[in-house]
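If you want the building blocks of each chain, they are given just below.
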Amino acid sequence: MMANAEELELKDRLNLIENMIAEGRRTTESWGWTFVLWGLAYYVAIAWGTFGHSNLAWPVTMIATGVLTGILSSRSARHRPETTIGRAMLAIWLGMGISIFALMLSLGASGRLDVHVSAAIVGAMLGTANCTSSIILKWKMQFACAVVWWAAGIAACFTSDNVTAVLFLAAIFFCQIVFGIYGMICESRKRSQGVSHA
Amino acid sequence: MPELPELNPVIHGKLRLALLSLLSGVEEAEFTWLRAKTGSTDGNLGAQLAKLEEAGYVAVEKQFVQRKPQTLYRMTEAGRGALTEYVQALKQLLGGAIGS
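Going down the list, the protein sequences come from chains A and B. Mapped onto the working numbering, the consecutive letters of the first sequence carry residue numbers 19 to 216. Mapped onto the working numbering, the consecutive letters of the second sequence carry residue numbers 4 to 103.
Chain A extracted, bound-state conformation (with noise of 0.2 Å):
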C-alpha cells in the first residue's frame, strides 16, 4: 500500500497538471473591443455614406478600421502563446471580411450595389461568422448575435429601404456594441480569475 505522503504528492502531481493545461488553454485573447470597434466603424460609414454623400465613406472606414484593427490586436497579441482557437477565429473573421469587403466594391464599382442585396449579404455573412464561432467557442450569446443577423438579412429582401436601415443600425448596436461590451466584461471576468503557479 502507498504511505500517505506519497500518495498526496502524487496527487499534487495530478492537480498541477489538471491546473496547468487549464491555464493554458484559458483564452487570454480579448476580442470584444474589436466588436465595439467594427460597430463603430459601421456607424461611421453609414452616416458619412448618407449624408457625406460619398462614394468613399465604405472603402476608406473599412480599410482605417482593418489596419487599426490590425495594429492594436498585434500590438496585445505580443508575448501571448498561439492557439488553435485563436487561428481558427482569426481564419474565420479575416475570412468574411475580405469576402464582403470585395463583393461590396465590386458591387459598387459595377453600379449594382443595392441597399436590400448588400444588408442581405452582409447579414448572411456575419450571421455565418456568429455562428461559426459561437459554435468553436460554445458560447450560447454570440449564437443569438448569428441569429440576429441573419433574421435582419433576411428582412433585408422583402422589407423597404427605411425598414431595412433601421432593422441592421439595431442589429450593428446589438451584435456590436453591446455584445462586444458583454465580451469585453467577460474577458476581464476570466482575467480576474487569477494564475496559478507552479
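One should not assume that every hint holds.
With beta-carbon atoms standing in for the labels, derived distance ranges [to be verified]:
#1 Thr87(B) to Val181(A): 52 to 60 Å
#2 Ala39(B) to Ser128(A): 46 to 54 Å
#3 Thr87(B) to Leu26(A): 19 to 27 Å
#4 Gly59(B) to Ala169(A): 31 to 39 Å
#5 Gly88(A) to Gly59(B): 30 to 38 Å
#6 Arg77(B) to Leu125(A): 41 to 49 Å
#7 Gly88(A) to Lys54(B): 46 to 54 Å
Within a straight-line C-alpha distance of at most 20 Å, the following computed DMTMM-like cross-link-like pairs (lysine to aspartate or glutamate) qualify [claimed, not checked]:
#8 Lys94(B) to Glu27(A)
#9 Lys158(A) to Glu205(A)
#10 Lys17(B) to Glu27(A)
No lab work stands behind these hints: they were computed from the structure. The structure presented is a predicted model; accordingly, all values stated were derived computationally and were not measured. Glycine residues also receive a C-beta, built at the ideal position from the N, C-alpha and C atoms.
Guided by the hints, dock chain B onto chain A, whose structure is given.
Showing chain B alone in chain A's frame:
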C-alpha cells in the same frame, strides 16, 4: 499482482511537469509567458526548459520580432506521448485513491 509503473524522472520535476502541461494546451509559447504562468525565475526556467529540450520533449525557436529577441517553445510529439504516459502511470499508481 501487476507491476506498478515507474514515473518518468524527466517529467516528474514539478516545474518541468508544469511546463509540459502548459505547453500541451497551446501551439507555442514565449519564454516570458511561461515565466509568468509558472512564477519561476529566468535561470531556473531556462535550466528546466533546457532539460526538456535535451530529452526531445520541447522544441525551441529563436526569432526577432521588431528587433527584439523572442524565444518560442513548442511541445513535440515525443513530449506529448511522454506526458500522456506519465498521466497514465500516475493514475495507475493512485488507483482507487483518485477522487477520494
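We went through each hint and held it up to the structure:
no.: 1; hint: Thr87(B) to Val181(A): 52 to 60 Å; in the structure: 57 Å, holds
no.: 2; hint: Ala39(B) to Ser128(A): 46 to 54 Å; in the structure: 52 Å, holds
no.: 3; hint: Thr87(B) to Leu26(A): 19 to 27 Å; in the structure: 23 Å, holds
no.: 4; hint: Gly59(B) to Ala169(A): 31 to 39 Å; in the structure: 54 Å, violated
no.: 5; hint: Gly88(A) to Gly59(B): 30 to 38 Å; in the structure: 37 Å, holds
no.: 6; hint: Arg77(B) to Leu125(A): 41 to 49 Å; in the structure: 43 Å, holds
no.: 7; hint: Gly88(A) to Lys54(B): 46 to 54 Å; in the structure: 38 Å, violated
no.: 8; hint: Lys94(B) to Glu27(A); in the structure: 13 Å, holds
no.: 9; hint: Lys158(A) to Glu205(A); in the structure: 15 Å, holds
no.: 10; hint: Lys17(B) to Glu27(A); in the structure: 10 Å, holds
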